[in-house]
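Chemist: In terms of our numbering, the sequence shown opens at residue 839 and continues consecutively.
Fair warning: there could be bad hints in the mix.
Claimed, not checked - Cut-off 25 Å, straight-line C-alpha distance, at most; resulting in silico cross-link-like pairs (DSS-like, lysine-lysine):
no. : residue 1 : residue 2
1   : 963       : 932
2   : 921       : 890
3   : 942       : 963
4   : 1069      : 1041
5   : 942       : 890
Stated by the list, open to error - Ranges of calculated distance between the beta carbons of each label pair, as one might list FRET restraints:
no. : residue 1 : residue 2 : range
6   : 988       : 871       : 30 to 38 Å
7   : 1022      : 943       : 29 to 37 Å
8   : 1038      : 893       : 44 to 52 Å
9   : 960       : 1025      : 28 to 36 Å
10  : 926       : 1007      : 41 to 49 Å
11  : 926       : 997       : 17 to 25 Å
12  : 996       : 964       : 33 to 41 Å
13  : 1022      : 975       : 27 to 35 Å
14  : 1009      : 942       : 50 to 58 Å
15  : 942       : 1072      : 49 to 57 Å
16  : 871       : 1022      : 20 to 28 Å
Everything labelled a hint here was simulated from the structure, so no lab data went into it. Idealized CB from N, CA, C, for every residue including glycine.
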Amino acid sequence: MNPFEKIFNYQILSKLEDSGTFIITAHERGWLKMMLGHPAAAHAFEPETFRKLQVVLEQEQGLETGGLLHKAASRVRHVYHPKVRLLRQAITNKAILRFSYSIKNGRTTALQEGFPYKLEYSMVKREWYLLWYHINNRMLMSTRLEKIAEISEQACQTEDYEQLTAIVHALTSKRSMSADILVVPGYNGELSRILYAFSCFEKEVSYAPETNEYTIRLYFNSNESEFVLQKTRFLGKRVRILEGGQLRRRMLESAAKSLERYADSHN
839 MNPFEKIFNY QILSKLEDSG TFIITAHERG WLKMMLGHPA AAHAFEPETF RKLQVVLEQE
899 QGLETGGLLH KAASRVRHVY HPKVRLLRQA ITNKAILRFS YSIKNGRTTA LQEGFPYKLE
959 YSMVKREWYL LWYHINNRML MSTRLEKIAE ISEQACQTED YEQLTAIVHA LTSKRSMSAD
1019 ILVVPGYNGE LSRILYAFSC FEKEVSYAPE TNEYTIRLYF NSNESEFVLQ KTRFLGKRVR
1079 ILEGGQLRRR MLESAAKSLE RYADSHN
């Protein structure tokens, strides 16, 4: 919760407290109803308190909040998408797709011929993406399933499929990077937390019993290197980058700039 939300919530609760109003949830109301129905409830409370609690349950519409309105919730996006099954089947069938999709300016492209090779789900945006190779433009594409309109599947010859697969592998290899992250043995007990920090990346974990060391090999795209560095800085002294020349250089640069900045302020 950011500071503005905390301030807003504090203001709301203060106004409710000043007006003598309190809020209870549906679970609390159910628990209160069950408790007051117990034979010993009448003896556990003062008569006036017992009567007030019964009045709370009799208010079907809830307590008066003095004009407090429920903020409109954002549109719920479900994990499942109706096009996932169709596209997964096309990838399994080693097929080529012809589909239309809309782009940022609102225009809808004509039927495009593409080679689908992967489906991805963004935990942040809660949306599905189709990763595919644009056969005419010869480039890798990423399209939200929400933007895809009509889809048709057509068979792909074995030779064409092998050639397209090789092209996709070559293009993704140029974008991909890897780095070895060593977990400092003193923090092996926090391995689950460390792995969770890198949960959005493909990874392999190896263990060396002679040194009691875990090594995490991360696989990521070149445009995600700064995000990897951010996660590594967040973990602090728990981890150390072993291999990954670019990441090590960037980590040294950022550390040097931080030390320089603090050195200037000290002087």
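Chemist: Hint numbers the structure violates, sorted upward?
Modeler: 1, 2, 5, 6, 7, 10, 13, 14, 15 and 16
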